[in-house]
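Produce the entire structure from the sequences given, and follow the hints as far as they go.
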Amino acid sequence: MKRRTLPVAAALAATAALLLTACGGGDDSSKDKNDKIAGAGTGGSGSPSLSASASADKNAPTFTYPSDIDTTVERQPIGDATKDAILRDVSYSAQARLEAFAKGQGQTANMNRYFAASALSYWTQRVATVRKEGLTVTGHYRFFNFEVTDVASGKTAAVRYCEDQSKGYSKEIKTGKVLRTKPSNDDFIFYTLQAAKDSRGDWQVTEQNWKKADSACVQG
Numbered sequence: 387m388k389r390r391t392l393p394v395a396a397a398l399a400a401t402a403a404l405l406l407t408a409c410g411g412g413d414d415s416s417k418d419k420n421d422k423i424a425g426a427g428t429g430g431s432g433s434p435s436l437s438a439s440a441s442a443d444k445n446a447p448t449f450t451y452p453s454d455i456d457t458t459v460e461r462q463p464i465g466d467a468t469k470d471a472i473l474r475d476v477s478y479s480a481q482a483r484l485e486a487f488a489k490g491q492g493q494t495a496n497m498n499r500y501f502a503a504s505a506l507s508y509w510t511q512r513v514a515t516v517r518k519e520g521l522t523v524t525g526h527y528r529f530f531n532f533e534v535t536d537v538a539s540g541k542t543a544a545v546r547y548c549e550d551q552s553k554g555y556s557k558e559i560k561t562g563k564v565l566r567t568k569p570s571n572d573d574f575i576f577y578t579l580q581a582a583k584d585s586r587g588d589w590q591v592t593e594q595n596w597k598k599a600d601s602a603c604v605q606g
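Counting from 387, one number per residue, gives the positions in the sequence shown under the working numbering.
Possibly wrong hints are sitting among the right ones.
[Claimed, not checked] If you anchor each label on the Cβ, the simulated ranges turn out as follows:
#	residue 1	residue 2	range
1	Ser507	Gly606	27 to 37 angstroms
2	Gly520	Asn498	23 to 33 angstroms
3	Thr561	Arg586	38 to 48 angstroms
4	Ile464	Lys560	36 to 46 angstroms
5	Thr448	Lys568	32 to 42 angstroms
6	Asn498	Lys518	17 to 27 angstroms
7	Asp470	Glu519	34 to 44 angstroms
8	Gly465	Gly587	12 to 22 angstroms
9	Ala467	Thr561	47 to 57 angstroms
10	Asp536	Glu558	39 to 49 angstroms
11	Ile559	Pro463	32 to 42 angstroms
12	Gly587	Thr535	16 to 26 angstroms
13	Lys560	Glu460	33 to 43 angstroms
14	Gly540	Thr561	43 to 53 angstroms
[Unchecked claim] Calculated pairs, BS3-like style, for lysine-lysine (alpha carbon to alpha carbon, straight line, at most 30 angstroms):
#	residue 1	residue 2
15	Lys444	Lys541
16	Lys518	Lys553
17	Lys518	Lys489
18	Lys583	Lys444
19	Lys560	Lys518
20	Lys563	Lys518
21	Lys489	Lys560
22	Lys541	Lys469
23	Lys583	Lys489
24	Lys583	Lys541
25	Lys568	Lys518
26	Lys489	Lys563
27	Lys568	Lys553
28	Lys563	Lys553
29	Lys553	Lys489
30	Lys568	Lys489
31	Lys469	Lys444
32	Lys444	Lys489
33	Lys583	Lys469
The hints are simulated quantities; they were obtained by calculation from the structure and are not laboratory data.
Please read these numbers as outputs of a predicted model, since none were measured by experiment.
Backbone N, C-alpha and C fix where the C-beta goes; we use that ideal spot for every residue, glycine too.
This is the structure we're talking about:
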């Protein structure tokens with residue numbers, strides 16, 4: 387994957403085919419129970435707890451996670467109102483995806499707010515598949531390196547960010563057994579996406595692709 391700024395239309399074309407198949411060109415690791423659920427975000431069992439809103443915005447969503455899930459979102463304002471709004475809502479989309487896997491429900495209120503089109507369809511199916519396999523995840527998940535790479539007419543944007551799953555693991559729902567893995571570069575996942583502004587003013591992820599062990603994200 388070449389890391390360069392692309393026009394939104396090009397970014398859309400580059401990711402759409404992968405998104406509707408394996409969403410990552412073969413990086414779908416849910417088939418191996420001893421591997422992490424790449425691209426799944428977080429989930430788990432146990433008593434749910436409410437997370438604090440990610441910002442002081444009066445319309446900020448609230449996310450509900452199990453007690454065995456811990457998340458960190460590293461995102462700083464950059465001083466551009468449009469780009470800051472895009473990055474804010476994309477960070478919310480990452481947390482919404484976390485919440486969906488935690489609940490085993492692909493179309494939660496937050497998923498429907500921050501995802502649409504192909505991306506919503508893909509993650510809805512992915513959540514159902516992981517749940518059917520009897521798996522969820524547990525541990526700590528970190529999102530970082532948020533960047534807007536292109537904005538078109540203030541209505542669509544290309545964005546990328548990283549996820550660190552080095553302290554997150556798959557877990558069997560029935561037994562609660564944590565399937566620990568040896569740390570590797572595959573724990574770092576690079577997401578590229580297209581977002582579009584809806585009628586309410588929220589930025590929704592409409593196309594999304596991911597890749598493991600990309601040098602843009604690998605740390606340590």
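Item checked: Ala467 paired with Thr561, Cβ distance criterion 47 to 57 angstroms -> Because 49 angstroms falls inside the window, the suggested range holds.
Notebook entry, point to check: Given the proposed pairing of Lys568 with Lys489, does the C-alpha separation stay at or below 30 angstroms?
Noted result: Holds - the C-alpha atoms of Lys489 and Lys568 are around 26 angstroms apart, at most 30 angstroms.
Note to self: Taking the Cβ atom of Ser507 and the Cβ atom of Gly606, is their distance within the range 27 to 37 angstroms?
What the structure shows: holds, 34 angstroms
Notebook entry, point to check: Within 30 angstroms, alpha carbon to alpha carbon, are Lys444 and Lys541?
Noted result: holds, 22 angstroms
Notebook entry, point to check: Does the structure keep Lys518 and Lys489 at a Cα separation of 30 angstroms or less?
Noted result: Holds - the C-alpha atoms of Lys489 and Lys518 are around 13 angstroms apart, at most 30 angstroms.
Notebook entry, point to check: Taking 30 angstroms as the top limit, are the C-alpha atoms of Lys560 and Lys518 close enough?
Noted result: holds, 12 angstroms
Check: Is the Cα-Cα distance between Lys583 and Lys541 30 angstroms or less?
Finding: holds, 5 angstroms
Check: How does the Cβ-Cβ distance of Lys560 and Glu460 compare with 33 to 43 angstroms: does it lie in that range?
Finding: With Cβ atoms ~34 angstroms apart, the hint holds.
Note to self: Can you tell me whether the CB distance of Thr561 to Arg586 sits inside 38 to 48 angstroms?
What the structure shows: 42 angstroms Cβ-Cβ, so the 38 to 48 angstroms window holds.
Checklist line | Lys568 paired with Lys518 [C-alpha distance capped at 30 angstroms] | finding: Measuring from Cα to Cα gives roughly 25 angstroms; hence the hint holds.
Check: Quick one, are Lys553 and Lys489 close enough, alpha carbons at most 30 angstroms?
Finding: With Cα atoms ~20 angstroms apart, Lys553 and Lys489 stay inside 30 angstroms; holds.
Next item on the list: Take a quick look at whether Lys469 and Lys444 sit within 30 angstroms of each other, Cα to Cα.
Entry: holds, 19 angstroms
Checked against the numbered hints given earlier, this structure breaks none of them.
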